[in-house]
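For the record, the sequence lines run as chains Y and W.
Residues in the first sequence are numbered consecutively from 15, following the working numbering.
Residues in the second sequence are numbered consecutively from 942, following the working numbering.
In short, the hints are calculated from the structure, not lab data.
Owing to the predicted nature of the structure, the values given are computational and were not obtained by experimental measurement.
With a Cα cut of at most 30 Å, we get these calculated DSSO-like pairs of lysine-lysine: (1) W:1148 x Y:261; (2) W:1148 x Y:222; (3) Y:440 x Y:222; (4) W:1189 x W:1201; (5) Y:377 x Y:115; (6) Y:274 x W:1148; (7) Y:377 x Y:340.
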Amino acid sequence: MSKKILFFVFVVFAMILASCSGAQTPAPANTDAPVATDATTDKATDVPAAAGAPAVCATDEFGCAVIPPGSTIKLGMGAPMTGDYASFGIDISQGATIAIKDGGELDGFKFELVAQDTQGAPEGGAAVANKLVTDPTVVAIPGHIFSGSTEAAIPIYEKAGLPMLSPSATNPPLTTLGSKVFNRIAFTDAVQGKSAAEYLYNKLGFRKIAVMHDGGAYGQGLADVVKQEFTALGGEVVAYEGIEPGKQDYTTVLSVISSKNPEAVYFGGYVAEGYILANQMKQTGLENAVFFGCDGTFGAEFIEKSGANGEGAYAASLIPPDSDAKAKFDATYLADYGVPAGSLSPYTWSGYDAAAALIAMVKSVAVLGGDGNLYVPRGELVKAVRNMSGFSSITGDITCNDVGECNTAGPTFYIVQNGEWVQAPK
Amino acid sequence: MAEEHHKRPVKMPQLNIKIIRLIAAFVVLVLLILRIHNVALESQLGASTWLRLSVSGLIIGGMYALIAIGYTLVYGILFMINFAHGEVMMIGSFGGYFVFEAFNAIPVTLHDGTQISFLNAQPVIAILLAFLIGMGIAALTGYFLEKIAYRPLRGAPRLVPLISAIGASIFLQNAGQLLFGPQRRQYINPVIIDRGLGWQIPIAGTKVLLTYSGIFSLVLSATLMVALYLLVQRTKLGRAMRAVAQDKRTAALMGINVDKIISQTFVISGALAGSAGVMWGIHNGLTNYFVGFLPGIKAFTAAVLGGIGNIPGAMIGGLFLGIVESIGPAALGIDFQLQDVIAFSILILVLILRPSGILGEALTEEKV
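If we strip away everything but chain Y, and leave its shape as in the complex, we get:
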């Protein structure tokens, strides 16, 4: 018995010791803290500064990522690769893959995209982040894709010093968390919500609308902004309802909304629920109300699944205006994947830009060590991404402000006409 107690005391003591030492070292083991066992493994690891590392590694807050010859410089992405939202993850990672190809080599080192499946969920986002930070050759994150998954991942990358540049996490508060590593090139939900409310009120002349959302960080955040801005403009929000994503019958909530006779139904959420709502609006007395979606409901899937019921529906999009860079990307995308760019989601260009910008930043800070290893100072890279200015790409100039908003332009509104998305009159 006493042996057991002794053992227990020892375990507690050891745990206290471990937590103390953890608090003293600022960075986790996967960055710069050299551990004896690391030297014996043949995997790529961070080695002590003495072995030919440039001086910057010794002073860098997070140390250096060390990429041995033969390894690739990895960009890690957390994206929904399976499930209801798989089209987003697959599309964005395909866009980013093209950027990797265009990115070429850095001192003989190739870039590589590691896209891991989050299923678009916060739990998945945290799991992927925890997995990616254990790989020492991952230097930056062009992601994550959904706001909820991104929010869960930020603290994990924050500790490891991995800069993020999300192509599509648009929930406004994400840049107010005080994160050093999080940046995005997506326009925020606040910007989109405000323009949507103005468009509904000024351009379409609606005074009574219903606002719906899917209860997620993205959808509800957007719906809240629209509700607030539309009321501020002098309109009336006659109903504000949340739905539970994944169900297939929303006729009850639509019936209640239809009793309030709104002129339009704004929906903050994704296409999987968007087209169900557009379809069921026709059965529940809302056939004369306009379905007004967001950039989450934009895409070919909406038209394909809603058919005639989707005619006249609005959505917002960040599809960039035509340019030489876009034409080149579209041609590559079609050649590589057999489908036109943008047919899976509207984010593929942003996916390209996020990866391209990160690759440019990695190139600007990486140093080739005397021992043939490539050293990427993590703290320097985090700063470089935050200070990025005037990086010109498909979606326009990327200039990050001091909280990490790298795109301040608003969305473009589109309408379904004759089974196609066309740009709505401004």
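Once you've looked at the hints, dock chain W against the given chain Y.
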């Protein structure tokens, strides 16, 4: 449950519990009525809205009822919850989907020269076949489910087949994902039961749309329920099923092949779940590998509500749950995201106040 009651030496606490339960039930009822009264006064939901909500609830409730019968039949005979039942429904749903998909690809030229798909040229045959095939493969799934996952565990403690059921559920779900892909597939209905078409019922100045697909589902589920009830009450198979449910050993002594009856029970409950799956596709327009999960859980709730092991109970429980779920949020004036919360709160209330379910009393007493 009843056994425990008999073992108690003193009768007093039991009486107290009954009184407390009655008072609690009364308080809950009064609070609910007050709340509904207030909401009805405040909100301007017209008669048309209530009609829409009730119809929508009835249609979904009919599907819950069909699935719930499967839970109840299996429970009645094996005393186990077949948690893979929702997945059987998913497989039935895919059966119907592929029939419609195949028929939609066959072109047919009418005598006036117009080209339409076979689906719209012969909609009755298409619908009939969709249901037959959907029910058929769901029945097959049920048959093999019993054979592979439950029969080897016949003598095991009651918890073991339950765990096997959960495993089978996960297996079937993942198999569905591998076979059919993770994406949602859109049901192509024949034009005559297109989801947007229906009767317009003028009420209180507006028109309420009763979709053909919805009414069709409702009528079909009612027909199937009556047919099942007749099968259980009037046929030889039904009598054998009831005998096995009452006492397996005595039934075997009377010359009933118990294993065969259990297999047939799984086939029947599978077919009912399959028909619910095809209806779900026709009415909601979508199916994917995950489609059976929530209806499965809801139908289980419905079966417990009605009194598990009791067939009319499962039917009433399903319809009741469907209606409460769709009217509940509007009547209580709460968020529609809380639909499921209402459904499961009712389950908890019923379990506390009337553990044997709405119609369960007589049956549990004669069983245990």
